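Protein sequences appear in the order of chains A and B.
Take the first sequence: its position 240, counted from the start at 1, is 243 in the working numbering, and no numbers get skipped.
Take the second sequence: its position 52, counted from the start at 1, is 54 in the working numbering, and no numbers get skipped.
Possibly wrong hints are sitting among the right ones.
Residues of chain B placed beyond 10 Å of chain A at every Cβ, according to the derived structure [what the hints assert, rightly or not]:
(1) D18
(2) V43
(3) N93
(4) M117
(5) E141
(6) Y156
(7) K180
(8) G218
(9) L223
(10) L224
(11) P227
Simulated crosslink set (SDA-like; lysine to any residue; CA at most 25 Å straight-line) [as the list claims (entries may be wrong)]:
(12) A:K123 <-> B:L13
(13) A:K122 <-> B:T6
(14) A:K92 <-> B:W231
Quick caveat, the hints were computed from the structure, so don't treat them as lab data.
Computed from a predicted structure; not experimentally measured.
Don't be surprised by glycine CBs; every beta carbon is placed ideally from N, CA and C.
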Amino acid sequence: MIEVKNLRKEFELSKKQQKEFATTEKVAIAVDSISFTCQPGRIFSLLGPNGAGKTTTMRMLSTLFQPTSGSIMIGGVDAIKNPKEARAKIGFLTGSTGLYARLTPNEVIKYFADLYGVKKDDFEKRKKYLYDLLDMNDFANKRIAKLSTGMKQKVSICRTMIHDPEIIIFDEPTSGLDVITAENIIKLILDCKNQGKTVIFSSHIMSEVDLLCDDLAIIHKGKMVFEGTMEDFRNQMQAPNLTSEFIRIITENK
Amino acid sequence: MIGTIFKKELLDTLRDKRTLMTMIIIPVMVFPVIMTLFLKVSESFSENAATKTVNIGVVAGSDGEGFVNSLKTLPAVYGKRKVIMISDTVNMKQLIRMDSLQFGVFVPIDYEKSMQDKTPAKMDVFFNATELGMKDRAEGYLNAISELEKQKRYQELDIQIEEITPLFFDYKNVATDKETIGKLIGGFLPYLFIVFGFVGCMYPAIDLFTGEKERGTLETLLTTPVSRWQILVGKMGVIVLSGLMAVTFTLVGIFLSIKVFDMVQDPRILEVIYQILSAKFLLMMYLLIIPMIIFFAGVMIPIAVYAKSFKEAQSIITPMNMFFILPAMVGFFPGISLNMVTAFIPVVNIVLATKELIAGTLDIKLLIISFIVMTSLAAIAVTISYKRFDKESNLVS
Numbered sequence: 004m005i006e007v008k009n010l011r012k013e014f015e016l017s018k019k020q021q022k023e024f025a026t027t028e029k030v031a032i033a034v035d036s037i038s039f040t041c042q043p044g045r046i047f048s049l050l051g052p053n054g055a056g057k058t059t060t061m062r063m064l065s066t067l068f069q070p071t072s073g074s075i076m077i078g079g080v081d082a083i084k085n086p087k088e089a090r091a092k093i094g095f096l097t098g099s100t101g102l103y104a105r106l107t108p109n110e111v112i113k114y115f116a117d118l119y120g121v122k123k124d125d126f127e128k129r130k131k132y133l134y135d136l137l138d139m140n141d142f143a144n145k146r147i148a149k150l151s152t153g154m155k156q157k158v159s160i161c162r163t164m165i166h167d168p169e170i171i172i173f174d175e176p177t178s179g180l181d182v183i184t185a186e187n188i189i190k191l192i193l194d195c196k197n198q199g200k201t202v203i204f205s206s207h208i209m210s211e212v213d214l215l216c217d218d219l220a221i222i223h224k225g226k227m228v229f230e231g232t233m234e235d236f237r238n239q240m241q242a243p244n245l246t247s248e249f250i251r252i253i254t255e256n257k
Numbered sequence: 003m004i005g006t007i008f009k010k011e012l013l014d015t016l017r018d019k020r021t022l023m024t025m026i027i028i029p030v031m032v033f034p035v036i037m038t039l040f041l042k043v044s045e046s047f048s049e050n051a052a053t054k055t056v057n058i059g060v061v062a063g064s065d066g067e068g069f070v071n072s073l074k075t076l077p078a079v080y081g082k083r084k085v086i087m088i089s090d091t092v093n094m095k096q097l098i099r100m101d102s103l104q105f106g107v108f109v110p111i112d113y114e115k116s117m118q119d120k121t122p123a124k125m126d127v128f129f130n131a132t133e134l135g136m137k138d139r140a141e142g143y144l145n146a147i148s149e150l151e152k153q154k155r156y157q158e159l160d161i162q163i164e165e166i167t168p169l170f171f172d173y174k175n176v177a178t179d180k181e182t183i184g185k186l187i188g189g190f191l192p193y194l195f196i197v198f199g200f201v202g203c204m205y206p207a208i209d210l211f212t213g214e215k216e217r218g219t220l221e222t223l224l225t226t227p228v229s230r231w232q233i234l235v236g237k238m239g240v241i242v243l244s245g246l247m248a249v250t251f252t253l254v255g256i257f258l259s260i261k262v263f264d265m266v267q268d269p270r271i272l273e274v275i276y277q278i279l280s281a282k283f284l285l286m287m288y289l290l291i292i293p294m295i296i297f298f299a300g301v302m303i304p305i306a307v308y309a310k311s312f313k314e315a316q317s318i319i320t321p322m323n324m325f326f327i328l329p330a331m332v333g334f335f336p337g338i339s340l341n342m343v344t345a346f347i348p349v350v351n352i353v354l355a356t357k358e359l360i361a362g363t364l365d366i367k368l369l370i371i372s373f374i375v376m377t378s379l380a381a382i383a384v385t386i387s388y389k390r391f392d393k394e395s396n397l398v399s
């Protein structure tokens with residue numbers, strides 16, 4: 004489970020940035036006191052337009068960024084006090100994730116398994132399961148630089164799941180991918196849900212949200228403008244479809 | 003965890019062609035290439051000097067015949083020469099400028115009389131200073147003729163040379179061959195170590211920090227349950243190792259030049275080089291080099307962490323090379339040695355200490371000071387690297 008309470012993130016602005024943004028403010032508020040809960044076995048979607056604060060929130064959940072205030076509990080672990088322990092429970096995947104081009108999938112997967120402290124027996128079993136599931140056996144020993152985008156995405160998925168994390172964070176996981184490659188990610192998200200894992204993903208593609216989401220939150224300019232179940236969202240809709248309703252909520256909160 | 007990161011980064015680095023070039027290929031090649039060039043150039047210079055005919059212009063009346071004969075009949079050891087009689091000095095100067103003549107002599111009208119009267123004859127010698135070595139050639143010929151005339155006068159005056167030589171000096175060198183050669187060529191080795199140590203660190207530093215950020219792999223790495231300091235140490239270990247490998251391969255290049263390519267023939271120099279390449283020397287040298295390479299890595303990492311692209315990091319780090327190469331050149335200057343002042347100047351102290359080490363004249367107290375100074379600087383650089391690496395704004399693009 005992920006429990007977020009009054010999460011806030013401020014970034015200090017340099018003189019150059021103040022000039023760029025035409026402001027005299029010394030800090031920029033990226034996320035402003037947001038709270039939400041992601042339940043195991045459910046898919047939570049964090050929605051928002053570009054620059055809403057989705058990636059900053061995801062980076063705080065994965066402990067890359069230290070929140071200015073508020074609390075984050077990851078699988079019962081305080082992520083601010085014990086970031087290392089929290090990270091061990093997380094699998095993190097973004098659409099812009101790169102891989103080590105000079106290594107082979109086998110080497111990358113072993114490297115991350117070692118970093119997560121996966122035991123040898125567990126690693127072999129988990130690797131076989133994921134390689135079979137993702138059909139990776141044929142290119143496991145090829146250099147990553149020589150793989151297609153789809154193959155690379157499979158390696159990224161395998162890398163995210165090798166330590167069998169109980170919480171998966173996807174930050175715009177399908178951004179920049181073609182439909183066939185994106186399909187692997189969609190399948191992975193659904194698999195995680197079926198295995199009872201806690202899944203949070205950020206997106207601005209409403210068709211994905213419609214397909215996957217159980218709970219959702221919409222943030223805009225760092226503030227939470229909607230939080231509830233997908234069912235609640237559909238029931239409260241004033242626009243004819245999900246995309247129009249999303250745009251309506253954002254426009255209303257400008 | 004540090005070991006896991008180190009192992010992976012090393013594997014990744016060893017598969018990078020650019021790093022392999024700066025870490026292994028260029029350092030191994032540099033010494034044999036420099037030696038080959040040096041030998042070829044000096045060989046061709048001495049060949050040229052021995053075979054080239056020097057055109058000597060002489061402006062003289064019939065009175066100067068004796069001088070011209072002396073010039074023509076000097077032994078062959080002075081090199082091939084052709085004496086050309088010129089009508090006047092204006093013409094002679096022009097021919098020297100055009101390099102048709104290499105130098106010219108104006109023989110005074112009273113030359114023969116001066117020789118008979120045993121008085122000095124004033125000779126004007128014209129040469130072009132831009133033609134290197136020609137003044138030396140002229141001095142060689144003219145001193146030889148002067149010496150012949152002197153001998154003649156001693157004989158005629160019945161003077162024994164010993165009678166007019168009140169003091170005779172026999173200079174004795176108290177320095178060993180190792181000290182002499184070490185002081186002369188000792189500055190060259192640390193210069194190579196610094197240049198290649200720096201370049202050896204540069205590409206891995208940029209690749210392992212800026213490159214990882216640019217490729218989008220750093221964010222993933224930081225979401226693993228590994229502390230940032232462990233990641234930093236693992237990566238830094240590979241950068242330092244790359245710098246040390248570059249230094250080691252420079253030594254391998256020297257070894258190959260001597261053992262395989264047989265480039266050094268002088269047994270005295272060979273003996274000194276074998277003494278230099280002893281286990282004790284290598285141990286002491288690495289003791290000096292290691293903190294310096296850590297310092298280089300510590301200086302490069304904050305820049306590599308800060309830079310947003312490989313190009314940006316390269317454009318900042320490359321000119322920095324000059325800051326280290328210039329002090330490294332101190333080793334080439336004679337007279338500058340490791341003392342209580344230079345031991346406190348970073349990089350300079352390592353260059354001078356290595357030079358003293360090669361000459362076998364290193365003062366252990368100064369070695370310790372140099373080591374402490376470089377280690378302290380390396381520690382400061384590592385701390386700055388950690389602070390920079392821990393700063394979240396630098397970690398994601």
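Hint check results:
1. D18: 6 Å, violated
2. V43: 41 Å, holds
3. N93: 71 Å, holds
4. M117: 82 Å, holds
5. E141: The assertion about B:E141 holds, with a minimum of 63 Å to chain A.
6. Y156: 81 Å, holds
7. K180: Its Cβ never comes within 10 Å of chain A, the nearest being 45 Å, so this holds.
8. G218: Given that some Cβ of chain A is not farther than 10 Å from that of B:G218, nearest at about 3 Å, it is violated.
9. L223: 8 Å, violated
10. L224: 6 Å, violated
11. P227: Per Cβ check, B:P227 is inside 10 Å of chain A; nearest 4 Å; violated.
12. A:K123 <-> B:L13: 21 Å, holds
13. A:K122 <-> B:T6: 14 Å, holds
14. A:K92 <-> B:W231: Holds. A:K92 to B:W231 sits at ~20 Å (cutoff 25 Å).
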